[in-house]
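Protein sequences appear in the order of chains A and B. In this text, residue positions in the first sequence follow this note's numbering: the first is 1, and each later residue adds one. In this text, residue positions in the second sequence follow this note's numbering: the first is 162, and each later residue adds one.
No wet-lab data here; the hints were simulated from the structure. Incorrect hints may have been included.
[Stated by the list, open to error] Some chain B residues judged to face chain A by a derived CB distance under 7 Å, without partners named: (1) 293; (2) 866; (3) 868; (4) 869; (5) 870.
[Unchecked claim] Okay, derived cross-link-like pairs now, SDA-like style, lysine to any residue, Cα gap no bigger than 20 Å in a straight line: (6) 72/A <-> 53/A; (7) 79/A <-> 219/B; (8) 60/A <-> 896/B; (9) 126/A <-> 873/B.
Just so it is clear, CB atoms sit at the ideal spot from N, CA and C, and this is done for glycine as well.
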Amino acid sequence: MELDGTYTLDASPQQVWDALFDRDVLEKSIPGCTELLQISPTTFSAVVKLKIGPVSAKFKGDVELSDIVPLKSCTLAGKGNGGIAGFAKGSARITLEETPEGTTLTYTAEAAIGGKIAALGSRLVKAASRKLADEFFSKFSAVLAEISAENHIETPSESVA
Amino acid sequence: MNMQRKSGSTTKHIGHSHRRLNAKRHLAGRGQFVSDKTLPRMLHAAFVRSPMARGRILDIDISDALKAPGVMRVFTAAELNRICEPWSGTLDHFAGMKSTPQNILSEGDILWAGQPVVMVLAHSRAEAEDACELVFIDIEDEEPVIDGAAAMLPGAKLAAPGLTDNICFQTVLETPGVDAVFAGAAHIFEESFIFGRHTAVTLEPRAILADFDSASGQLTVHHGTQTPYQFQDLYARHFNLREGQVRVIAPDVGGSFGMKLHLYHEEMGAVAASILTGRPVRFLADRLESFVSDIHARDHQVQARMAVSAEGEILAMQVDDLAPVGAVSAYPRTSAAEGNQVIRLMGAPYQMADYRGRLSVVFQNKVQTSQYRAVGHPIACGVTERLCDMAAEALGVDPFDFRARNLIRDDAYPQTSATGYQFEKLSHEACLQQLRQMMNYDGLRAEQAELRKKGIHRGIGIAPFVEITNPGATFYGVGGARISAQDGAIVKLTPAGDVQCLISVTEQGQGTETIIAQVVAEQLALQPSAVKVVTGDTDTTPSGGATWACRGAGIGGETALRAARKLRDQILSIAGKILQADAATLMLSDGAVVDAATGTHRLDLAEIGRIATYRPDTLPAGTDISLTVAHHFAPQGYPFDFTNGIQASLVEVDVETGFVKLLKHWVVEDCGTIINPLLVDEQIRGGVVQGLGPAFFEECLYDDTGQLTNGSLADYLVPMACEMPDIEIGHVETPTLDTILGAKGVGEAGTAAAGAAAMNAVNDALRPFNASVSQTPMTPARILAVLGH
Chain A
1 MELDGTYTLD ASPQQVWDAL FDRDVLEKSI PGCTELLQIS PTTFSAVVKL
51 KIGPVSAKFK GDVELSDIVP LKSCTLAGKG NGGIAGFAKG SARITLEETP
101 EGTTLTYTAE AAIGGKIAAL GSRLVKAASR KLADEFFSKF SAVLAEISAE
151 NHIETPSESV A
Chain B
162 MNMQRKSGST TKHIGHSHRR LNAKRHLAGR GQFVSDKTLP RMLHAAFVRS
212 PMARGRILDI DISDALKAPG VMRVFTAAEL NRICEPWSGT LDHFAGMKST
262 PQNILSEGDI LWAGQPVVMV LAHSRAEAED ACELVFIDIE DEEPVIDGAA
312 AMLPGAKLAA PGLTDNICFQ TVLETPGVDA VFAGAAHIFE ESFIFGRHTA
362 VTLEPRAILA DFDSASGQLT VHHGTQTPYQ FQDLYARHFN LREGQVRVIA
412 PDVGGSFGMK LHLYHEEMGA VAASILTGRP VRFLADRLES FVSDIHARDH
462 QVQARMAVSA EGEILAMQVD DLAPVGAVSA YPRTSAAEGN QVIRLMGAPY
512 QMADYRGRLS VVFQNKVQTS QYRAVGHPIA CGVTERLCDM AAEALGVDPF
562 DFRARNLIRD DAYPQTSATG YQFEKLSHEA CLQQLRQMMN YDGLRAEQAE
612 LRKKGIHRGI GIAPFVEITN PGATFYGVGG ARISAQDGAI VKLTPAGDVQ
662 CLISVTEQGQ GTETIIAQVV AEQLALQPSA VKVVTGDTDT TPSGGATWAC
712 RGAGIGGETA LRAARKLRDQ ILSIAGKILQ ADAATLMLSD GAVVDAATGT
762 HRLDLAEIGR IATYRPDTLP AGTDISLTVA HHFAPQGYPF DFTNGIQASL
812 VEVDVETGFV KLLKHWVVED CGTIINPLLV DEQIRGGVVQ GLGPAFFEEC
862 LYDDTGQLTN GSLADYLVPM ACEMPDIEIG HVETPTLDTI LGAKGVGEAG
912 TAAAGAAAMN AVNDALRPFN ASVSQTPMTP ARILAVLGH
């Protein structure tokens, strides 16, 4: 299964880049995330609760960032085990580009699913995955907006100082 | 005091329609299915299955599951498999066949998505399922073997451990002259076919309730199966019990279709768990489990050629069948039997002298395939009949005329096919003729031509077929399998004069018990309702093959007939002693012994039962007072009783959407002596629907990682009543002379050729577009694809 998407974010590439590696931002952005531990600067372990079609499952998995070209691109690979619900694994190549509006983020992802989710939900999986991706980036963009709003507030106080 | 008795004319039952004896009981909600059965202290089983198609288990953590509410035991392979002898699905007469030994739970290698890895026992199925969610299995996944052709390439990844290649079984069947015939033939027609993988989808899923009594050492297994005696033998041998310690009871079974005669890991798990815990253990498959563990059917890729003379005679066929069957061969009947029948049934209805069939059965990481209703027939018939229609079209001959020219003549028997099958007597010509009239063929062709002018595209397809029924030991016995080639019956007169028949053939809703009652009743001059038939219990009925390969009527019926005649003779012998008359002057009529010459009533059956049971002292010394007789019967003439018939399909194809409307279906069938016309027609109708299902709707879809992607009835389409056409049925009766009864099988006839007739009909409709489809199911998308949309 292949997925891709493009999002325009109202933030500079530097801000987007930092957020992508920020545990707190990721925890707020990943749909259904109940636990996110940063194991190293580039690896996380996560617990995510999801419902796809008739199957609800708690996935335990690892996420790793690799092929890092700072401020430009990276690969985000993950593997989740949902017990009897099955498993999901996939990787996404994320690229950032500076635009007048801020930053354009493009991703192309490849995902595979197995077990009960594949057998019962395959009709719904692509739509569900796209929905999850959209949810992630809309939350991500909201968190980014919060951060930059905070920065705006901080900036004048700095100028005063 | 004697009432006037009617003459024996009311006691002719063979050939008469009787409704199924058990239908009322089912209608009243009094069916007894294993699915509903409960026993005190019963535990429920659920399985944790591999979500991956291939891999190695690195770690299993059951600690949280063990603490879950209601959980009694959590088994892994280490604990459960040790009490079960492994099994391998090979047979000696399939030379060179191989398959990796299997046991209940995976011992490390993952072979298909859905393979059971951990078994949880709990007080309820819900609690068992909840605990399954707490089991952690770490699997290192490996690339699975999915595509059958790729699996055969040198250097291909292996589908199971212990293999050196993915070939399960290969064979070639050929006549010496086949190459020369092809070299000299005026016409050669060629096509590639794909027959999709589907499954049985029984109304009642697989169900088992195993009950091991550690005090007595008795294992009782309530099992929704069609072959209780086969499982008695298997449970005894694989759990190291004596056969006498094992009782298998198959009560009402909600459909089997061949799917419920294979050994499954989960059933073995239930038996093992009952032995280990000393408590009754139940496993009832849910629908998703059925999709990933019931055997799948078909899945054949066929390359086929037909050589035809300038005069339109079929000279030879050459066929390559590639059959991917899953990672291991099914046990105990193997996964090679279907391919073997595919290559042997090709061209069977026709006068065709030369042939080459090649079969490659290969391993891959999917659910196992094995025998399902009409084993091999729809593939052989589909390929043969499509090539016939291609030849007829190219030669400008009507499809009926092409068949008429090539079918084996009705007066040309006995015959041996190019593939070695021996036919006692078939009736292809009579069936063809009857079909043509029944369907008003010429009228339909005229209507088709008219409608085409209006842009309505109807198609007519026909498909003659041969069906294998009444198998003897040739099927499995010669290959070393402990699968009974005979059946047995006990018929008894009770002290009150009632009749019971305990017989080894079984009832899955097809009406076996009803036809057995008819056969017994006719021999004893009773009404069928006066005969109680008992089936499906290895402790009470004699051993036998039970239900497979269309043997219930032909073999079971003959067994019952001979047993009932034995009882008749014994009743008359005792009556002779009581009446001080020569038994040869007596006969049975309407529940009594009468004078054979005059029909005068002499003695009620109840009186014979009373005297033999309570007052044997009044009989001469040495009188054999047995009113219980047993008889076993195995076919001894031809290795199989072949039947034949022809089907026709009328369809309308919407060339804009690819949807096919099934307008009408016809079957003319010859199953020899018809015991019960109503039930024979029901068998044919049900069979046709099971042939049309995979022709248009049913398919187990897999992605390229070996995941089944339509494991629910929302995504897997079964044929529904509203999509099915009216099915009109006609009969020709050519009894086999191998038996007194003369009945052959009929259960698979409908399935054998329905898809072939339908494919020819669809292609007939597509003819103006110069398009044709050769893949099943013929989905709207596939039809649009061949139309170039």
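Hints, verified against the model:
{"no.": "1", "hint": "293", "result": "5 Å, holds"}
{"no.": "2", "hint": "866", "result": "5 Å, holds"}
{"no.": "3", "hint": "868", "result": "4 Å, holds"}
{"no.": "4", "hint": "869", "result": "5 Å, holds"}
{"no.": "5", "hint": "870", "result": "4 Å, holds"}
{"no.": "6", "hint": "72/A <-> 53/A", "result": "35 Å, violated"}
{"no.": "7", "hint": "79/A <-> 219/B", "result": "16 Å, holds"}
{"no.": "8", "hint": "60/A <-> 896/B", "result": "66 Å, violated"}
{"no.": "9", "hint": "126/A <-> 873/B", "result": "18 Å, holds"}
Violated hints, in rising order: 6, 8; the structure is consistent with all others.
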